[in-house]
Structure formats: C-alpha cells, structure tokens
Amino acid sequence: MGKGFDAFGLCTLPAKSVPSGGLPSKGVLEVKLKVNGEERSVDVPEDVPLLWVLREELELTGTKFGCGQALCGACTVHVDGKARRSCVTAVGDVAGKAITTIEGLTQGEADGKLTVLQQAWVEGNVPQCGYCQPGQLMMAAALIRRCPKPTDAQIDATMSGSICRCGTYPRIRSAIHAATGQSEDGGAK
Amino acid sequence: MSEATQDPASSPEASKAIVPLLRRGRVARRRFLLGMLAGTAGLTIYGGVRASADEARVPDPNDVEGAFRPNIYITVTPDDRVLYGFPKAEMGQGTMTGFAMLVAEELEVGLDELEVFFPIASKEYDALETATGGSTSIVTGFVPVRQAAAAARMMLIAAAAERWGVAPDSLHAKAGRVLDDANDRSASYGELVEAAKQQRVPEAPVIKSKQDFKLVGTPARRIDSAPKVTGEAQFGIDVVVPNMTRAVMIHPPRIGAAVVSLDDSKAREMPGVVDVVITPRGVGVVAEKYWQAMRAAPAVEIEWDEGTGPSFGTENLRAELAARTDEGHVAEDEGDVDAVSGTVLEAEYETPYLSHSPMEPMNAVADVRGDVCEIWTGNQGPSAIQEAAANQLGCDRIQVIVHTPYLGGAFGRRSHPEAAIEAVWLSEAVGRPVQVIWSRENDTRGHRYRPQSHNRIKGTLDASGELAALEFHAQSQSIFASLDAGGLFPPVIPPRLRKWLAGNLSRLFDSNTLLADTIPTEGATHLGYAIPNRRVSYANFHTPVVVSWWRSVGYSINTYVVEAFMDELAHAAEQDPYEFRRAMLQDSPRWLGVLEAVAEMSEWGERELPEGVGRGIAVCFAFGSYCAHVIDAHVDEGTIVVDQVYSALDCGYAVNPDLVVSQVEGSVIFALTAALWGEITMKDGAVEQGNFDTYRMMRMHEAPKIEVRLLSSEEDIGGVGEPAVAPVAPALANALFMATGHRLRRLPLQPELDRARARADQGGK
Ligand code: FES
Ligand code: FES
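As given, the protein sequences belong to chains A and B, one line each in that order. Here the first sequence stands for residues 26 to 214, numbered as in our numbering. Here the second sequence stands for residues 160 to 924, numbered as in our numbering.
Be aware that a few hints might be false.
What the hints assert, rightly or not - Computed list of chain A residues with no C-beta within reach of chain B, every gap over 12 Å:
#1 R65
#2 A99
#3 G206
Claimed, not checked - Calculated pairs, DSS-like style, for lysine-lysine (alpha carbon to alpha carbon, straight line, at most 30 Å):
#4 K122/A <-> K138/A
#5 K333/B <-> K356/B
#6 K864/B <-> K174/A
#7 K356/B <-> K369/B
#8 K57/A <-> K122/A
#9 K842/B <-> K864/B
#10 K138/A <-> K373/B
#11 K57/A <-> K373/B
#12 K122/A <-> K107/A
#13 K138/A <-> K356/B
#14 K138/A <-> K107/A
#15 K138/A <-> K174/A
#16 K59/A <-> K864/B
#17 K122/A <-> K59/A
#18 K107/A <-> K448/B
#19 K107/A <-> K174/A
#20 K448/B <-> K122/A
Read the hints as simulated data drawn from the structure, not as lab findings. None of the values given here were measured: they were computed from a predicted structure. C-beta atoms are modelled at their ideal positions from N, C-alpha and C, and glycine is treated no differently.
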C-alpha cells in the first residue's frame, strides 16, 4: 500500500508520457471516461489520480479525499462494478471503463429514490459527520452485489478497509443486514 | 513574497508586506447582508456553498419579499416556507437535528417541512454564540432555541386572532397552520405573514413543558442523512468558488522551523502552477488544480532552519516529567490527606500526545478581494476565524465573512483557524480565491494535540479497607497558555507585544490566582466517591508543542488515571471493583445509577466469562452527564481484542435518544482507537506519525459490540458528545489487568502491554 505514490498521494507510476522534472504539454492527453453512464472527456496527464479528476475536473465532489494512499476508503468508487480506491487509481488506467461514483449510485432507481442500502443508512441514523459515508456506501454496494446476504465475517472482510472516525461501524453493519433482509447477527430474517 | 530569499522569521513585517491593509469601512453593507436563504423551494438542507458566485447568491432573509422574521433564526415566507438558521457547527454530533426538532416542536411544523440552513458569520449573525464545543450546544440551546420558535408561533397566532377578532388563547397551531376549532377555520402560516409582522415580539415566549412534547424526546431520523448518503452534502473541502486556485501547504518538517532558502524554479514551470508563497506556517504551492499543486510541491526545494524545538522529543519529555517535583497548584483540598494512615498505594500514569484526525483533513477557501475577506471552512467557531483573519489583514472583524458548511469530523481540531489563515495569506498573495487542503500527513503533523501528561496518584486504605484518602497530582500542558500559537495572536501583533501576551497567558494560567485552569485536573476533582480526605493539584509545564482540546479534553486523561487506580485500590483492598466503587457512591445517585446499570447489563459477577476474557469497569461525571462502561477484552497472541462494551449514560434528558446512543457508540470507538494505539511521538522536533498506517484507527472488524442504555433522570440536561469517551481507557485497562495480570499505567495500551509482556518474559515469569 502506498507504493508508487508519494506523500501527497500523487500517483508516481512510471507513466510513459511523463518525463521527470515536469510535464510538457504532450503529457496532457485527452482521457475519455464513462462516469455514471455519461461519456466525459478530460485533458489531464494519464497518471493523475482518478479522485482528483472526479472532484476537480468533473466537479463530482461526493467522492472524498481522506488519506491519498489507499488506507481509508473515503475515495471508493466502482470501476466496472468493482470497488476501487480512486486516490491511487491513475485516470489513464480506467479510460473507457464504467465508473460509478456516489452521485451515480441511485441510477436505476425511480427518480429521486434512494437505493435500499442508502435507505437503510437513513433509517438507521448511520451517518454522523458523514464524510466517510460515500466511501462506505460504495464498498457496501459492491459487497452486496457480490454477496447478496453477507455474513458478519464477510462484512468485516470488505468493510474493514473503510475508516469511520466517528465510529459508525455498528450501525453500518446493522444497515447492511437490514438492507439485505437479514437479522442483526446476519441470519436470515 | 514569493522570492526565494524571503525570510519568514521576520514574519510580522513579511505578512504586512504581503497583506496590505484593507481599507476600513468601505465594505458595502449589501455584502454583509448576503444571507444564505435558498432561492428555490424544495431544498431542505441548504449546504449552500456553491451558491457563492454572486449571481447565484440568494438574498438575506430580511430581503425575502414579505417574509416574517421575528428573530434572526426563524423566517416564514408568504408561500408557507419555514426556515431555520442553525447557528452551530454540524460535525456529526447531531445538533443540527436536535435543534431542528426543538424548532419544529415549538413552531408546530413537521421536521421534514423545516428548511435548515447554515447562516454565515457576518454582521447580522455577529451577536450569535456560534462556537461549538464542550458538549454544550443542546445544554445551552434547549430553552433559547425553543423560545425563538415559540415567539414566531405566538405572533402567528396573535395575527390570526386579530384577523378573526377572537382571543389568541382560543386558537392553536398545528402542522404549519393556525386553527380556530370553535369556528372551524384555519389559516396557513404564509397567509398570516403580513399580519404577524405587525405583532409585538413577546419578551418571554411561552415554551412547552416536556410532557407536551410530541417530537422532542423521540428517536427521529437525522435531517442530514439524505444529503450525506448521496454525496450531496457539502463539506469545506467540496467548496468551489469561481476563479478558485488550490494549494498544497508544505509545512515545516520540525516544530517552528522557518524557510532559510527556497528554490521554486522547477515548480513554477510545472503546468498550472500559479505561485509559490512563503508564509509564516510554511510554503504554499498554489496551482489551478489541486492535483497540479500536488505534483509541483515535491519540486520545491526548501532549506529549513532548526525551528523552535530542535531537540524536543516526547521520550525526553517523559523523563523530564518523571523527575519533576514541582508542587504546582491545588485544585481541590478536602479534609487532611496527611493526617491519614493505613495501607498506602502509589502509582504514576502517563498519557501521550494525540491528534484529532477527523476524516476530512483541514481545509479552507479564502477570497481576499478589495475590502472583503470571505472564508469557507468547516469550523467550530466562526468568530475565532473572523478574529484571526482580521488580525492578519488589519481590518475589522466584520469585514470577514465566514461560511460554515458541514464538518467532516472535528473533535476539537476545528476550533483552530490555521488552514483558514493559510488560505487568507495565499489569497492575498495571488489575488484570487485559494483553497488550501492539507494532506493527511499535514493533518497528523499539524500540531494542536491533546497534551502529553504525567500523573501521580496515591490512595490510603484504612484498616477496614475503605478509601480514606486520595491524592492526585497532574502534570500537563495548559491548553489556554497554548492558544497564542498558530494565529490567534498572529504575527501582525508586534513581536514584543505578542511575546508579552504569550508569556502572560502562561502565567495567568499558571498562577492559579487570576484564571483557574480546570482542564489539567478535570475528571479528578468533583468525584462522586465518598472519600473523606482528598487533594488534587496540578503543575503546568511548557513545550514548543501546541496543544488543544481533544474530545473529552482533561477527562480523557484524568478519568483514565483515577478509574484505573480505583481498580488498583479495589484489588489492594481485596474487594470486587464494582462493589468497591458502589460502596463509595451511595450518596451520589446519578453516579450510582450508571454504575449499577452497566453492572446489570453485563450481569457483573453473575456470569462466568469465557476463558482468557477479562472484564473492567469505570465511571465518570463529565460535561454535565454521567457515564459508565463495562468492557470485556482478551489478548490473542499478544493482540488486544475488545469483545464487548456495555455503556450507560445519564444525560438528564435526551432530545433525540437514538442520536444520543449513536454518540455513545461513536465515543466508545473513538476512545478505543486512542486507548489501544493512539500516540503522537516526536523526535528531534519532528512528528513521527504521518498517515493512517502510522496513526492507526479502529476499523470495522476490530470494533466490539456496544450495548447502550440511557438513563433518564429528569435532571438538568448534560452533554452527550464527549462524556462516553472518558471511561473507555480505564475500563479497558482494568479488563486487561484481569485478563493478563499486567497493570497498564501508560497509554496507549497495546504497546504498553507489549512492553509489559516483554519485561515479564525477561524476568522469566
Ligand atoms: S483517500 Fe483513497 S483510500 Fe483514503
Ligand atoms: S461518519 Fe464521520 S467519519 Fe464516518
């Protein structure tokens, strides 16, 4: 973890287009992205972390910066349906792939409706400060897609990558169980 | 200011040079009246940050055509919108929902109908008490918030009474309408707005008694959940204002280090870089985009001086404190501790520096333009930021406008304005709005830590095994004396005056004559235990480290010391730790209440624990509330595993019991992180921790089951955000004693247990 990234979380992968000591304009490429079902294109070097492309180039600020080194999960998005830490994902690596951010999580729901997971979060009073919650929800959404009725052990295995400084873990667990129609301990309801 | 050779050691002059004085009094009044009312209906929570572009600005509530505004909090519009300006910070503690419930209750509108927005700190809201901290919001707001809403309700009813020619007390309000049941008619609030404006504002608005509450006291849903699960909620870091630049701060690598020389030539050539600016707190690399600033920052070559504490280290400090015998000042003196004899037990306890580490790293946007300074930042005290920025700019405080969006956690850290001040400096330097975002490493190394401390405690058990005397002596760094650092007494104050202020602040809080500093001993004084002879004292010390309020503050240190030591005393007296405490709490019913509650919940003494599991108990009174925990824990191949926590809290009255429970759960996990691993260490003036790999946080799989019981005592309301933090470390330490036989007198517990086990191995145990 953290390998290939400097202290600022900047991706320093040996990208071919980026000679050391600065970025000539040819390093800036048009990268075509598919974000929340929409085709977007950005003019950035390929090795810019996806997190900052989402937040700054596309103004999708629901995806959060917490550590920049794949340590906290705040920046989690889906790439082709799988959870990825956008702070350590070079934008060039996900060109053309389907990226879903928290803003796109409700896609497929009727207008203005939340997903069952988000609804369970609201009903369970899960968020406190809320800063980690987009990342938590993206992790949880990826989990239940893979594993529709996760056990506590499966929840632990997936969700332990996402830090919540406010300590909402017990409620996240309950909300995942509630959203997947299970009782508190993970058994069938 | 961007010259490589500028010496920031001369920061007072330097900042004057980069920060021309704003012209006083030239700020157009309109500016200050720009409020944050949502211009369109349907937006329930107005996070409002993006609306900062002038054209997107919405008018001041005063200017909403025909609105009724009995006070600065409540606005009713002719089209039936009811708005509430929530004057505190929402940092997760749920006060926004709590206050909205109080307003909805008294104003007789649905919680969902209320549009809650964050007022900006500007002239209109200047008189507001907007600082958020000390678990005080609900405590101090419980009556006034309801009065503000009740005033509106009474005036709307009076307006209807006037219209219909009936007595006001024949009418009542319900669901946003005034009803005349006798005559079967009603009017919506919006319809009554014009007439309500003509009514007298009641001097003493009539608020409901608790029995009449319909909403308050229920486990209502948080009003901020929906925007927080969709990514819509705007935090400081999400603020975007037109023409904004972004900056990485390169902070000094050692305490107080200043730039000696700097070569920014490479960085300046990199794409998007706008400027490289030396500030009194390090170097700001300003670019069009944050990712550009991030790539340029490593290209800036900086030589730093040795700073203000080149040889400072936390290990040295430990040794110094252990050797120090300063008597200090007495905070509590009852009976005569010296006249007691019996079995004497003495111990020394230590706690480390701790970082708050909210999930949202510190950040701020500042736009210094003409004679206005506008700041957007998650903060616990807009006035402090106004003050600090005004000091920097040499302008009136009122020329500084502070927007407070959602806070991505704070825990005390966002009481301090460093990031905002950095943004002010940079914006002034580049002439554009600047957003400063600290890296996680900036945040962890950014100082403002909970103080490191060393405590001595001594108890005397009489012949019957009762605690006859308790002596407690804290050595801790004064938070108040530390306040001068980092911007509150900023460099524009002439150095000599600044020094004087700093020097005198320390003395004020040291002398115990002018201002008593209660923080170093809180949690050790006012104990509920019947101990006839008690002496509590403290001696402050100074270091180059800047210290701060950290969730539960002095209690987080002293409750650990007192309650872990109670366990030592109980064992020395050969008594059960619960019964030992219980016997001493017979005259402290609320202490006793929470203690007995956790004993009952955990079936204390009645249930056999699994092999290897230890169980500990601790109790405290903090921030007006009473809290006890029982913690079960075991050690698995050297690793501490926390199995279960039983918690009881008596906060007198819970405005929203479910949110109180969530605060207890969160406090327990926050406190377990600190108790198990939390430690900021320094060597040669440099902080050794950086990101979450070296400053570890509790994660989902490590979090125990937590069972919470709220006790309702119908007494005064107490705080809920902090009290449950305090008894966690001692309850866990006590559980680990039972599980392992090791007394852990130094936090954090995991490395202390490792050391104890290593010592035991060496001793051939
Ligand atoms: S910001 Fe990406 S994992 Fe923390
Ligand atoms: S809700 Fe605050 S960090 Fe998770």
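For each hint, the structure was consulted:
1. R65: Given a closest Cβ separation of 16 Å, the condition holds.
2. A99: About 6 Å separates A99/A from the closest Cβ of chain B, which leaves it inside 12 Å; violated.
3. G206: holds (19 Å)
4. K122/A <-> K138/A: OK: K122/A and K138/A at ~26 Å, within 30 Å.
5. K333/B <-> K356/B: Judged against 30 Å, a Cα distance of about 20 Å means the pair holds.
6. K864/B <-> K174/A: holds (20 Å)
7. K356/B <-> K369/B: holds (29 Å)
8. K57/A <-> K122/A: Answer holds: K57/A to K122/A is near 9 Å, not above 30 Å.
9. K842/B <-> K864/B: Violated. K842/B to K864/B sits at ~37 Å, over the 30 Å cutoff.
10. K138/A <-> K373/B: holds (28 Å)
11. K57/A <-> K373/B: violated (54 Å)
12. K122/A <-> K107/A: holds (11 Å)
13. K138/A <-> K356/B: violated (39 Å)
14. K138/A <-> K107/A: holds (23 Å)
15. K138/A <-> K174/A: Holds, at roughly 22 Å.
16. K59/A <-> K864/B: Violated, at about 41 Å.
17. K122/A <-> K59/A: holds (6 Å)
18. K107/A <-> K448/B: holds (28 Å)
19. K107/A <-> K174/A: holds (17 Å)
20. K448/B <-> K122/A: Distance ~24 Å between K448/B and K122/A Cα, so the pair holds.
Checked against the numbered hints given earlier, this structure breaks hints 2, 9, 11, 13, 16; the rest are met.
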